[in-house]
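J.: If you want the building blocks of each chain, they are given just below.
There are 2 protein chains.
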Amino acid sequence: MKKYCFGIDVGGTTVKCGLFTTDGEVVDKWEVKTRTEDNGAQILPDIAASIKAKIAEKNIADEVEGIGIGLPGPVDDKGILHGAVNLHWVGDRRIEEEFSALTGYPVKAGNDANVAALGELWKGAGVGYDSLIMVTLGTGVGGGIVINGKVIAGSHGAGGEIGHAHVTDELTDKCNCGCCGCLEQVASATGIARLAREELAASDEASLLRDYPAVSAKSVFDCVKQNDAMAIRVAKRFGDYLAKALSSFAVVADPQAIVIGGGVSKAGEVLLDYIREPYQKYTFFACRETDFVLATLGNDAGIFGAAKLVL
Amino acid sequence: MKKYCFGIDVGGTTVKCGLFTTDGEVVDKWEVKTRTEDNGAQILPDIAASIKAKIAEKNIADEVEGIGIGLPGPVDDKGILHGAVNLHWVGDRRIEEEFSALTGYPVKAGNDANVAALGELWKGAGVGYDSLIMVTLGTGVGGGIVINGKVIAGSHGAGGEIGHAHVTDELTDKCNCGCCGCLEQVASATGIARLAREELAASDEASLLRDYPAVSAKSVFDCVKQNDAMAIRVAKRFGDYLAKALSSFAVVADPQAIVIGGGVSKAGEVLLDYIREPYQKYTFFACRETDFVLATLGNDAGIFGAAKLVL
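Heads up: the protein sequence lines correspond to chains A and B, in order. Numbering follows our numbering, with no gaps: position 256 of the first sequence is 681. Numbering follows our numbering, with no gaps: position 163 of the second sequence is 588.
Hints listed in this document are in silico derivations from the structure and should not be mistaken for laboratory results. Ideal placement from N, C-alpha and C gives every residue a C-beta, glycine not left out. Don't take every hint at face value.
[As the list claims (entries may be wrong)] Cβ pair distances, simulated, as ranges: (1) B:Glu488 <-> A:Val510: 52 to 62 Å; (2) A:Glu595 <-> B:Ala627: 15 to 25 Å; (3) A:Glu462 <-> B:Gly723: 54 to 64 Å.
Given these sequences and hints, build the entire structure.
T.: Okay, structure coming up:
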């Protein structure tokens, strides 16, 4: 194996880029603007130019193993991207071939959330494991599944799209995906704020949550830490929904660990307590003691995982 | 690759054995009694003796690629069996090494339900696919997941134990596993009969189901075919529970196909109609058009899949 590889994480506003040694040390990190005009025609050429400049700067043209690239859209198990709304890309694209032609190096592509899971496995909270489910609790709920060190991309690129598991029949409003009752609707930052607003509206009970002009997932867990009864109820409802979904995922993938990341995970270990307890209640005995850990790489998980794709 | 392989499916009363060509033609099939006395100490030696006799009979000692064995217990992704209640085997066993020592050939072991899924992929309903979820609707609900041609065994051997996904909060009685609200409680043959008894008890509505002294899954689908309103309601409830669970499994594994087998699947294509419709309602758009097919290998799926394990 050669000495270096690149990990690229393409987002709707910026592209995060990393130059790594093939044993996973960060050599350099930088960003490129994502130019979405003209249906994003310049995005791949811009990234290729930036990588070539970095290779020239470091004088490592013969020492690059390859380039991994995480993309904000479904990438199937053949490496084909099925559109990427935030990049203004429509239709199927063979990104690996396209980007390899632009750069001259081998390229592997993956969905950004799946790639982030691989990053955590390689150099983050998942070190020492070879299988995990990563749950990213942000504005939505993303996820990635890694089994025996390999991402489950899925035959339609929907492997790890766990935010859209059906978890409740109680909702009548639709998720962004068009279904009702998705995990994302009750366990994302947005979903936790929804549960809090429901609790606030249901009674006049005193709660620290009432001091916030707009209640958020962060305010819920801040109030949980101050032992606020209503905030604790919200956290329990969130944990119960997520645990039920995880209990189903566990009997499919049976990973060694479940890694919780995304903005909501900044609440810290207390968050895991609210997930682990109902998880043990709902989950098949053989996988009841699955480890729960907080993600550690933050926004860098994507470039780490992308780099690992090509190794 | 050599010309022959063996596929062995160990059950609590009989061991099914198959001699196959390595391209999957059945050369011979036979059974061995499962002797569970003395903590099942004779089970592996009995099978080994039977295989050796078959090899001598056919004079193929130098032409055997290996032996695959499906076992009624959790087999993890390292090939270790974690007990098998029906065989009276307690504790962890390295079956691959043990059975290889007894026979002199390479051995691969897997959980019986997972191995059956691999069998359907190789030579049954899954031919042409390389990923599927198999759901076995029998006395219980079993399952197996195959991704890119490989079984997901799981880190605790619980990969594919989909009968124990939590699907409803409405039940207060416990599943055999100790949890409440498992898929198996509402979608197995036993579960379908339970739903039918609930419907019968809930009203005096006329129904063909009332003509059966003991209602069963078979009687439910027999009555569905005669357009019985109550039986149709039961089938819809069953399909709704199973579809919700499958919608969660789909966003984890995103297979090309869902294969339905087990005794309940003898109801035929009508069964798939009751699953497919709610599945499309609950499932993330990218995997909504996943194919549904009926298993075709019946009780032979296990020996086919076991044989495939070693190839």
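J.: Determine for every hint whether it applies to the structure shown.
T.: For each hint, the structure was consulted:
1. Range check, B:Glu488 to A:Val510: about 55 Å between beta-carbon atoms, so the 52 to 62 Å window is met.
2. Look at A:Glu595 against B:Ala627: about 23 Å separates their beta carbons, and that is inside 15 to 25 Å.
3. For the pair A:Glu462 and B:Gly723, the supplied restraint of 54 to 64 Å holds, since their beta-carbon distance comes to about 58 Å.
The structure fails none of the hints (numbered hints given earlier).
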